[in-house]
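Protein chains: 4
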Amino acid sequence: MRVFSWAARVYWEDTDGGGIVYYANYLRFLERARTEWLRSLGHSQQELAQMPGILFAVAALSVEYRRPARLDDELIITCEPRNERATVMRFLQHIYRGSAPGAADDLLVEADVRVVCVDKRTLKPKRLPDFLVDALEL
Amino acid sequence: MRVFSWAARVYWEDTDGGGIVYYANYLRFLERARTEWLRSLGHSQQELAQMPGILFAVAALSVEYRRPARLDDELIITCEPRNERATVMRFLQHIYRGSAPGAADDLLVEADVRVVCVDKRTLKPKRLPDFLVDALEL
Amino acid sequence: MRVFSWAARVYWEDTDGGGIVYYANYLRFLERARTEWLRSLGHSQQELAQMPGILFAVAALSVEYRRPARLDDELIITCEPRNERATVMRFLQHIYRGSAPGAADDLLVEADVRVVCVDKRTLKPKRLPDFLVDALEL
Amino acid sequence: MRVFSWAARVYWEDTDGGGIVYYANYLRFLERARTEWLRSLGHSQQELAQMPGILFAVAALSVEYRRPARLDDELIITCEPRNERATVMRFLQHIYRGSAPGAADDLLVEADVRVVCVDKRTLKPKRLPDFLVDALEL
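Residue numbers (this note's numbering), protein chains in the order written: chain Y, 33 to 170; chain R, 33 to 170; chain S, 33 to 170; chain Z, 33 to 170.
Calculated from the structure, these hints are not laboratory results. Quick caveat, the model's predicted, so the values are computed rather than measured. One should not assume that every hint holds.
Reference excerpt, derived from the structure (chain Z facing chain S, CB under 8 Å, subset only) [stated by the list, open to error]:
| hint | residue |
| --- | --- |
| 1 | D48 |
| 2 | G49 |
| 3 | Y54 |
| 4 | L80 |
| 5 | S94 |
| 6 | D162 |
| 7 | F163 |
Built from N, CA and C at the ideal position, the CB exists for glycine as well.
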């Protein structure tokens, strides 16, 4: 399955008093890439949010922080959907520094994120909409 | 009219790479004090958000940043409602460092915030609910 | 003086429970545009942060919120430097929705932001570096 | 080892357009509890940040999101240090809704967070300061 990638810049808002990106804020970069992956399929977050009867929520994630990102860094965030259950979107994601993702030195963050589709009323897992099942090649 | 005050601590999440609180984040502290002022009247933000037919939005604000707040600082945020139009909640707010608000040295931020009540459909200004008119002594 | 403009997208991270961009978060968009204006002059925030003996801080701002931005909106943020004192960078800034800034309907936010240059030790105002004085045509 | 716990309130700033706490923002709550655990030992984050020659960084985390937190919720965040290597602080953390942590219904988030101590220059792992080794009963 192809790897989608998206660029973002580090601004003051992203850093903390340690001079590096605050650990929670990498999760914002990760979501921007997932959102843009969705948009590359012709769909928006707003559209997912308004689907009748279902909602999407991050169910679990794990993150390894390898090197810190700093003010003014340009980041490349990747998003690689993985086969999982028909109720879950699973993404392997990486954040690299600079325009040359792939260089071992530039790998800042590795993440594994599971987004689950649930019934709005019962909160029980529900099958993903077809276009997502197709996109994820489930 | 009495001045309401609320304490908050500065954490890593609030600071930026300059080692001080990021300029947008003082607005979060200001809103916490307005929310707790509301709670001190026996009402919640959730309750305001669910009022049928109306919604509340910050319409304007001005902020003067006098001294920076730093990691681990304890802040006192004040909230002083002011007479204004019957469609607007206006608050003068101050942020002090430490437990002795009033000392000139400790004044970090002064703000003037206007929250407007509008019709959900037309977005035209609407009269505030009675309990807020009473609280604001309009 | 020319108006600089910069585009940004609204993601989940920017919104609040009201379904619109949280009022403090517009200040992050405003700063991104100021940072990119600086970069367009060939300078970075990191460079300003490392200038010996001086530092830059937002001293005051006023914001008028005209219309809310929503999830998935594309924003255009402008940044128009203004003549002011030799120790202050003043910016008039606007946030528009969509790719056609100028349409009255699309004006979401107006802001006036003052960034002051101060002596690192005494915190007294200091003259801006020459390249900024030039850029601001003071 | 005893479990430390800390209370926090959910404000507008923490929520997103889905009406629940934004997934990255739970990490801010988690850090507040770790910071207050540190303070309960008589030490501050500022003090850690200024230790000569070493720095602390989150190296890895995993989070399971069980139920969403909403506007106005009061949260209890726990922080349970665990034995690990002498260069790592590991914390098991839980976020509960309300004042009765322990009720299965109220468990919102489970997290496992590793903070590593490294040499400031070489970024190689370094032994934690003695007071932390003692606190962690390593």
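Now for the hints, and whether the structure bears them out:
The restraint placing Z/D48 at the interface with chain S holds, with a minimum CB-CB distance near 5 Å, inside the 8 Å limit. Taken as an interface hint, Z/G49 checks out: its beta carbon lies about 4 Å from the nearest beta carbon of chain S, inside 8 Å. Proximity of Z/Y54 to chain S holds as hinted, the smallest CB-CB distance being about 6 Å (cut-off 8 Å). A hinted interface residue such as Z/L80 counts as satisfied when its beta carbon comes closer than 8 Å to some beta carbon of chain S; here the least separation is about 22 Å, so the hint is violated.
Using the Cβ-Cβ criterion of 8 Å, the hint placing Z/S94 at the interface with chain S is not satisfied: the shortest such distance is roughly 21 Å. Of the supplied interface hints, the one on Z/D162 is violated, with its beta-carbon coming no nearer than about 34 Å to a beta-carbon of chain S, more than 8 Å. Given hint, Z/F163 at the interface with chain S, is violated; its Cβ is 32 Å from that chain's nearest Cβ, farther than 8 Å.
The structure is inconsistent with the numbered hints 4, 5, 6 and 7, although it conforms to all the rest.
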